[in-house]
Amino acid sequence: MSTQTFFSLNGEKSLNPIISARGLWKSFPGVVALKDVSLDVLPGEIHAILGENGAGKSTLLKILYGIYVPDKGDLFFGGRKVVVTSPQDAVRNGLVLVSQVPQLIDSLTVAENLSLSLSQFGYVSSVRKVSKFLLEKGREYGVRVDPDIEVWKLSYTQKQLVEVLRALLLNAKVIAFDEATTLLPHAEKEKLYDFMKLFKSKGGSVLLVTHKIPEAMEVSDRITVLRRGEVVGTVRTSETTLDQVRYMMFGERLTQLNSGKYEKLGEKGSEVLVVRDLWVRSDYGVYAVKGVSFSVRKGEILGIAGVAGNGQLELIQALAGLRKSERGSIRLRINGNEIDVTNKGSTAIRRLGIGYIPDEPVKKGVSLDNSIEENIAVHPRLTRFLIRWGDVKSLATDLVREFSIVTPSTNAKAKVLSGGNLMKVLVARELTVSKVALVAYNPTRGLDEVSTRYVRRLIVSKAVSEGMCVVVASEDLDEIMEISDVIAVMNSGSFVGVFKSGVSREEVERVMVS
Amino acid sequence: MRLIVVKRVKTSNLYYVGIPVLSILAGLALSTLIFASIGVPPDLFISEILAGFQSPQTLRYFALLVILGVALTMSFRASIWNIGAEGQMIWGMLAGGYIALFVAAQSMYVSPSDLPNYANVPGVEIIDASPVKPVISVLLMDPSLGKLLMVLFGMLAGGLWALIPAVLKAYLDIDEVASTLILNYVAYQLFNHLVSYNLRGLSVQARQFFRTDRMNSALLFNLIPGTSVTVQEVLMAVIFFVSVVLMYRYTAVGLRLKIIGSNPQLLRSVGVDERRYILLAMFLSGMLAGAAGVSILANPGIGKLEKIANVVSPPTMNLGYTAILVSWLSILDLRFVPIYAYIVASLFQGSSLLQSEINSLFPELSLTGAALTYIPIGSILVVYVILRIFTEYSVRIMR
Amino acid sequence: MIGEILNVIIAMSPIFVFLYLASLGNSLVEKSGILNLAIDGAYTLGVALVFTLLVFVNDPTLALLITSLLIGLLGVLIAFLTTKLPISHGAVGLSIQFVGYGLASFLAYPMSLKVRAERISLNTYLTIPEVVLTFLTLSVVIGVLTYLLIYRTKLGAAIRAVGENPAGASALGINVLKIRIVATFLGYVLIGSASSLYLLLYTKNWQEGLGMGYGWISFAISLSSGRHPLVGIATSIIFATLIRYAYVLQDVLVGYGISISTFIVIALPFIAAVFIPLVVTAIPQLRRRFAPPKHLGKIFFSEERSV
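Residue numbers (numbering that gives the first Met the number 0), protein chains in the order written: chain A, 0 to 513; chain B, 0 to 398; chain C, 0 to 306.
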């Protein structure tokens, strides 16, 4: 079936699009991010842009918002051709962005932040005047935020409210939400959806950028699907089905996604990793992990679920020896010997055969300016003082073949690789050294669906075949549900619920946000 | 119409060669203009700079700049901006000088009547034949061992001095550019203090003079005939260059020093404490700078330490700053260091030829050494820093 | 007693004034996120410029104003290069520092020969209580105004915003370049006036290398006061005392049989400049409060932008 089938042109020729993009092209080192992309946003609609990670959604949005400049193609706002080279240009044209990571300055107050957007206040005007104005307007729009509080003290939802308030104060005609709902708990999501519908009813348009199909189906009027930088089609939400959209998003690879069963062992071995009453501080000096105890058996996968920022990251870092444990102990039982590795330093822990996939893996776990071989040779378990490049090369060649890493050669700089392949290099290296255990945080973040499946399957199969024990924390609950034998939910630094695999998603979610 | 800077899809190799060369030409053109504005004829400027390329004196700066270029490249590649080579060289000189004057040899007074007896004694040298208080220097060990000790202690001192800003950076996150630079001023003053008191020579009679004795000439390095470069400094340049290249190519330490510059978080995530490698990069860098300091001291043309009259003209000849140019123009690639060391050495020599030429032809222009070295160096650096972006970015015009 | 205190204040004021104003300038520049490594070159050049101008115009205030303006323009150049192009702040700063050193010597050395040969008497400021106290008052007033600017106005919020998170500030609608140009211009005007006053109120004459290193001392003062205009007053007093009274300390110590050389005395403010910032980072509360702007010295070019 050709993708053209879905190309149902919209019928509302009479409605002039408020934003129109024509024939956009954009390349980055090693990848063409957008290929001849066109898009129309009509007045008074909620328009979803759907696609997996790396499909080009955010590149498109960044072009509309003046952060990237297209290699080719034109933009029209209100029918007028414009060159947008900064967010200010976009705002002037009536487009305001609410992003996944709120674009606010943490150390400034809400009033100070919003004053920067409001051109009616001159540069010498005092911040106090802005505070007063915000209180009035907030009351008018029904958005209540203390204008004099510093932004870092706000919750994630509150920050998003500030961004929405800002969009309203700027008289936005189109508000773009860039994965803005992805990290919100369900109840908060609903509030945002209600707001979108309200905004639409007043004649505004919403551009909803997301990789979640149900979300697009729930709130949007029309959906434009992107795949590998190309528009697959634009469909009217009321006239399409979930399966049709899924096919548009994944194409022929849909079958690969569906065959997603993991082989699991029924019987687990003895305890390998034993953690008792662990207390760890965050960067701000407060306790982020408050007396956590657990043990993981040989071949067992412990998944740690939770809303981001509840101590998962600090716990994982403590296990990897990268953060000091203030109290409690971390012990390993290897071949009958019990080794206390609490605060033993990361080199020592890594040499024992512990693999580690860090948060923001592509940023922290590989070096883009070095070759694949160098990225492998850097591991202290893999090289001694002198590097035998011959050995490294053959290991690298094996890993490239085994993990089907797409690269010109093992000597190529890592930056020519795509995000998915970079991640495979990292996972391949860490699985090679994980003789005893693997510790991971968000191991598939930023990967496309297929690579995600692949990485998860590798982790599971290594646990099963070699008896490696795994502790994985992830902000993606689906991931935890999929691969874990035991699911622990972390909330405010403690384990608030421990479940066997097979527990219902609702049950876990309930504990997560309570 | 707007100009837009965009990241290149592919980085351009052509630019790696073209941009340093273009920077040198443009920087020199800019300097020619600046000097022409007060009446230095452009043709004189250019011809003297070109003369630098053939001057035998250039070889000396070449050897020193290779050592310093390798030293700085090692720290720069680790993303540590060691601007403190000046201070590290100063400590190399002090430690080397201490060995030469107090350990490998020793100065002592003799009575004027005894003086002729010492004229032909092996290992003894008359360094001040003053009729009142003559001074001799007595060799206390084999001079080759003495020279080796001078170099080793000079390197150690330079390395230790470099560890101060390294510790501040690694453990307290204090910017090393500022601290290495400020420590240069501290080093200059401590040098003055030590030279004026602790290391002050017996042969220095007048109260207002502050310097050490002349070194025993057996401890001086050996000049290559017809030049002002010594065998030892050429040897050091070769040894350092080769061993550092090999270290980067074949050792885990070298690989980590390289990776700390591109992504220190990777080291941390694979369990290597990146702070230790910050210390190591600076220590090695300081060691080589210290060796360069010893080479300057042990050159037969110098052979002693003298109080710095003005911080713009220290005994290091500002080569510690000049070497930044070598390292940057080489795009932090060691293979290019000798090439740019030669070019920069020629410019350096050219500007001092220019200075003596101007002083004799146009004394009324009164140009200082500082103006003649800093302006061309600074201009080339500024142009280079700006042009450098074109290796990874291109500029486009949007209608 | 009051007379003695007044004498001490008058003796220290010139030093305080040139240290404080330059550190204040540095704080403004760095609050906007630009790592100010050109400061010493700008300072040395400023000293040479004001000397050269003084010979021509023979009016200290006019020479000071022109110098401040010119150094301010140098700041604008730095803001432009570091904001509009993906260039390392360190590289730009250092390169400009060397040009500054070179130009300083280039401009002022011939002039110093001329002054000596023609026995020109330089019309610098008189170090009398009225003049000194005027400058002292002025500099404190400028400090308070700078504080109000940074922490109480929208412009101040914008300066802090571009220093903390320029991409975010840009997304909020701030023209990062414009704000940085304003902050850097004002900052460099202060650095220019500080270097002018160093000559006009303190050394009264020029010699080769004059001013070199004082930019770094001011840099260190700004750093160890957490780039806070009011805290900077206290830190500047400490350094001024060190510079003014180290010789006294030297004399006192001789009385106890300890002799430190003049060279150590000269080195003291530099040693302090390296180590006083340590005190700040060693105390956790201060460390957090005095933390540098998050984006200080980082290249503002994660994305593309137009020139």
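In case anyone wonders, no lab produced these hints; they're calculated from the structure.
Computed from a predicted model, the values in this text were never measured in an experiment.
In this text, a Cβ means the ideal position worked out from N, Cα and C, and glycines have one as well.
It is possible that part of the hints are untrue.
Said to hold, decoys possible - A short list of chain C residues far from chain A (calculated; beta carbon distances all over 10 Å):
1) Asn57
2) Leu154
3) Ser260
What the hints assert, rightly or not - Examples of chain B residues lying across from chain C (beta carbon under 8 Å, computed):
4) Leu43
5) Phe101
6) Leu180
7) Pro314
8) Met316
9) Ile330
10) Leu333
11) Gly377
12) Tyr392
Evaluated hints:
no. : hint   : verdict
1   : Asn57  : 37 Å, holds
2   : Leu154 : 4 Å, violated
3   : Ser260 : 44 Å, holds
4   : Leu43  : 16 Å, violated
5   : Phe101 : 19 Å, violated
6   : Leu180 : 6 Å, holds
7   : Pro314 : 15 Å, violated
8   : Met316 : 14 Å, violated
9   : Ile330 : 12 Å, violated
10  : Leu333 : 19 Å, violated
11  : Gly377 : 3 Å, holds
12  : Tyr392 : 6 Å, holds
In summary, the numbered hints that this structure violates are 2, 4, 5, 7, 8, 9, 10.
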